[in-house]
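> Below are the chains, spelled out letter by letter.
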Amino acid sequence: MDQSPDRPATQKAVSVPVRVYEREGCLERSQLVVNEQPVTLYLNQREMVTLLCAGNHLDELAVGFLHGEGFLQNLADLEEVLVDASAGKVEVTARGSSSLAENLWQKRTITSGCGKGSLFYYAIDSLLSRPVESSVTLSSQQLRERLEDLNRMSETYRQTHGVHNTALATPEDIMLFRDDIGRHNAVDMIVGYSFLHGISLEDKLLITTGRLTSEILIKAAKVGIPVLISRNTATSLAVELANSLNITLIGFARAGKFTVYSGAERIVG
Amino acid sequence: MSIYLDNAATSYPKPLSVYQAVEHVLKEVGGSPGRASHRQAREASAIVEAARKKVALLFGIGNAERVSFTKNATESINLVLKGWLEPGDRVVVSGIEHNAVIRPLRRLSGDGVQVEIVPCGTDGQLELETFEKSLDKPCRLAVLTHASNVNGALQPIAEVARICSDRDIPLLLDAAQTGGIQTIMADQWNLGMLACSGHKSLLGPSGVGILYVREDLSVKPLIEGGTGSRSEEDFQPDFCPDCYESGTPNLLGIAGLAAGIDFIDEKGMTSMLQHELSLASRLERGLMVLPGIKVYQPGVRGTSTVSFTSEGLNPADLGYLLDQGFDIAVRTGLHCAPLAHRTLGTFPEGTVRVSPGVFTTLEEIDQFLHAIETLISRRL
Numbered sequence: 041m042d043q044s045p046d047r048p049a050t051q052k053a054v055s056v057p058v059r060v061y062e063r064e065g066c067l068e069r070s071q072l073v074v075n076e077q078p079v080t081l082y083l084n085q086r087e088m089v090t091l092l093c094a095g096n097h098l099d100e101l102a103v104g105f106l107h108g109e110g111f112l113q114n115l116a117d118l119e120e121v122l123v124d125a126s127a128g129k130v131e132v133t134a135r136g137s138s139s140l141a142e143n144l145w146q147k148r149t150i151t152s153g154c155g156k157g158s159l160f161y162y163a164i165d166s167l168l169s170r171p172v173e174s175s176v177t178l179s180s181q182q183l184r185e186r187l188e189d190l191n192r193m194s195e196t197y198r199q200t201h202g203v204h205n206t207a208l209a210t211p212e213d214i215m216l217f218r219d220d221i222g223r224h225n226a227v228d229m230i231v232g233y234s235f236l237h238g239i240s241l242e243d244k245l246l247i248t249t250g251r252l253t254s255e256i257l258i259k260a261a262k263v264g265i266p267v268l269i270s271r272n273t274a275t276s277l278a279v280e281l282a283n284s285l286n287i288t289l290i291g292f293a294r295a296g297k298f299t300v301y302s303g304a305e306r307i308v309g
Numbered sequence: 005m006s007i008y009l010d011n012a013a014t015s016y017p018k019p020l021s022v023y024q025a026v027e028h029v030l031k032e033v034g035g036s037p038g039r040a041s042h043r044q045a046r047e048a049s050a051i052v053e054a055a056r057k058k059v060a061l062l063f064g065i066g067n068a069e070r071v072s073f074t075k076n077a078t079e080s081i082n083l084v085l086k087g088w089l090e091p092g093d094r095v096v097v098s099g100i101e102h103n104a105v106i107r108p109l110r111r112l113s114g115d116g117v118q119v120e121i122v123p124c125g126t127d128g129q130l131e132l133e134t135f136e137k138s139l140d141k142p143c144r145l146a147v148l149t150h151a152s153n154v155n156g157a158l159q160p161i162a163e164v165a166r167i168c169s170d171r172d173i174p175l176l177l178d179a180a181q182t183g184g185i186q187t188i189m190a191d192q193w194n195l196g197m198l199a200c201s202g203h204k205s206l207l208g209p210s211g212v213g214i215l216y217v218r219e220d221l222s223v224k225p226l227i228e229g230g231t232g233s234r235s236e237e238d239f240q241p242d243f244c245p246d247c248y249e250s251g252t253p254n255l256l257g258i259a260g261l262a263a264g265i266d267f268i269d270e271k272g273m274t275s276m277l278q279h280e281l282s283l284a285s286r287l288e289r290g291l292m293v294l295p296g297i298k299v300y301q302p303g304v305r306g307t308s309t310v311s312f313t314s315e316g317l318n319p320a321d322l323g324y325l326l327d328q329g330f331d332i333a334v335r336t337g338l339h340c341a342p343l344a345h346r347t348l349g350t351f352p353e354g355t356v357r358v359s360p361g362v363f364t365t366l367e368e369i370d371q372f373l374h375a376i377e378t379l380i381s382r383r384l
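These protein sequence lines are chains A and B, in that order.
FYI, in this note's numbering the residues of the first sequence are 41 to 309.
FYI, in this note's numbering the residues of the second sequence are 5 to 384.
Calculated directly from the structure, the hints in this document are not laboratory data.
Cβ atoms here follow ideal geometry from the backbone N, Cα and C, with glycine treated the same way.
You may find that some hints are simply not true.
Derived list of chain B stretches under chain A, where covered just means 3 residues or more per stretch with a C-beta under 8 Å from a C-beta of chain A [to be verified]:
| hint | segment |
| --- | --- |
| 1 | 162 to 176 |
| 2 | 314 to 320 |
| 3 | 334 to 340 |
| 4 | 349 to 363 |
With a Cα cut of at most 16 Å, we get these calculated EDC-like pairs of lysine to aspartate or glutamate [said to hold, decoys possible]:
| hint | chain 1 | residue 1 | chain 2 | residue 2 |
| --- | --- | --- | --- | --- |
| 5 | A | Lys147 | B | Glu90 |
| 6 | A | Lys297 | A | Glu188 |
| 7 | B | Lys224 | B | Asp246 |
| 8 | B | Lys137 | B | Asp170 |
| 9 | A | Lys297 | A | Glu185 |
| 10 | B | Lys224 | B | Glu90 |
| 11 | A | Lys147 | B | Asp331 |
| 12 | A | Lys156 | B | Asp170 |
| 13 | B | Lys224 | B | Glu79 |
Please work from the sequences and hints to get the whole structure.
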């Protein structure tokens, strides 16, 4: 399980002076808060987006984000990822820049109202998301165990209560843990790591502490993750998309219970 | 370079002569037809009457006075349905009709008009025997779309017209998709009424529709008002075309429509049809070899309109991806014809509809096919 690759990470939490008010009065003390910083992603010297994040695993964040947006489809096309955490920038160089991805970049899907419209709101998502074909199954017991594993790993959360924890897992084990102030960022890091290491996602579970919204679901669908699990709730559009994209969506997974919104056939036993 | 493949909605581009005719009327004529005796008004009248004759000639109508200009084919259809049918009447329509027919009929059915829908096959073709049988019961009107606006299925109009004529049942032909590209012989077929748009294969500007009503049929007008004739009377004239042409007509549109018909005459409708059918054939063949693509082929093709779906990609998404990714214009969804989509089995998502026009080239069709291949492969 890769929790902290061998490179210097940005300090995840910093101590700040605070005044805490209680019934009995107030006291001055220091408190740990999670680090937050803007990081700008460049692709072939073109500024793409600025993300607010905790500042860790920026190479994975950049690669995962660009892969999800269709700019990086093959690892062989990736030439260089230069991270300058102190300057808040990541410069990615890649071959074979896609004009189609460029044309579709951040284009909001517009439909005419003549016929059942799209579930997607970004054109690129409608192209890259497709129903997930996967034979993976897991038992209720495995699901509970993986959630307990995730909870044990969340040191920054315990210190700050300021991050979302996300893990890539098989039914038997947690493979990768990432946390960030943005649940999207944590998923992008997992996608980026998997892309960089050639990990197939068709038989994996994505476990997160964040809400299961359409954005998270689409990120998973675009890379073919068949099972999404959260201790939090799901949104209506996420459920609709999950049904449409053959993804098992599980929420309120805590205290030994969980709620299956879609794809219950992957839960066996 | 953009590629326009939505000619079933409206043709684009128009012949140069159409733009010129509209500009000429707007700049040089400027009068209101039939409303005065000055030169500009007379010239405007002459333009309208010349256009009327051209339409009559094109559609095989002996008496051009029975041709009226409306706003569009939908208005022409509404006029007939609401001006002819009475509570208690029974009307028979096909299972491939457009909302221009179905929606007014749904309203009229609330007023006591009985509507019977004769099914079509999944290829969009009318089941002729079922249709004929449906006329055994008393029927005041039959309505048929000449060619489907969804998949281009051409109906056996000559047979249908004969069946209706033998029973003395007026037939309203919706020729919105075929006017200008398929031969129409209103007198020979003894059509009761005919509705057509001016801006599709007739190549005119939008805003002009055509209505033909047979001499022996008394269809009430949809609206009343000034006609420039019998102005001393409080009541609407009862003669054609004035009874259906209240208010200032769309002179620009009518002039453009006349120029469009001239272009068709010059180019030859047969060669235009051959060109468009060859484009449709290339489209169908190119699409059918692609994985996950289903083409909704008609039994008999009458226009260039091709409809298809792609497994795993919503038609609305695919249409927008074509627009944003390749600058290709197609129409997606239900094409205002949900009944037709129920017949074809494509309701409620609908289809991607590709409709080349007279100016579309084979190279553009190939570019379109390449774009579809790229999109369905998800290769960016």
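> Taking the hints in turn, state whether each one holds.
So, going through the hints one by one against the coordinates:
1. 162 to 176: violated (count 0)
2. 314 to 320: holds (count 5)
3. 334 to 340: Result for this restraint: holds, n = 6.
4. 349 to 363: holds (count 3)
5. A:Lys147 <-> B:Glu90: Distance ~50 Å between Lys147 (chain A) and Glu90 (chain B) Cα, so the pair is violated.
6. A:Lys297 <-> A:Glu188: Holds. Lys297 (chain A) to Glu188 (chain A) sits at ~12 Å (cutoff 16 Å).
7. B:Lys224 <-> B:Asp246: Holds - the C-alpha atoms of Asp246 (chain B) and Lys224 (chain B) are around 12 Å apart, at most 16 Å.
8. B:Lys137 <-> B:Asp170: holds (13 Å)
9. A:Lys297 <-> A:Glu185: holds (12 Å)
10. B:Lys224 <-> B:Glu90: holds (11 Å)
11. A:Lys147 <-> B:Asp331: Judged against 16 Å, a Cα distance of about 13 Å means the pair holds.
12. A:Lys156 <-> B:Asp170: violated (42 Å)
13. B:Lys224 <-> B:Glu79: holds (13 Å)
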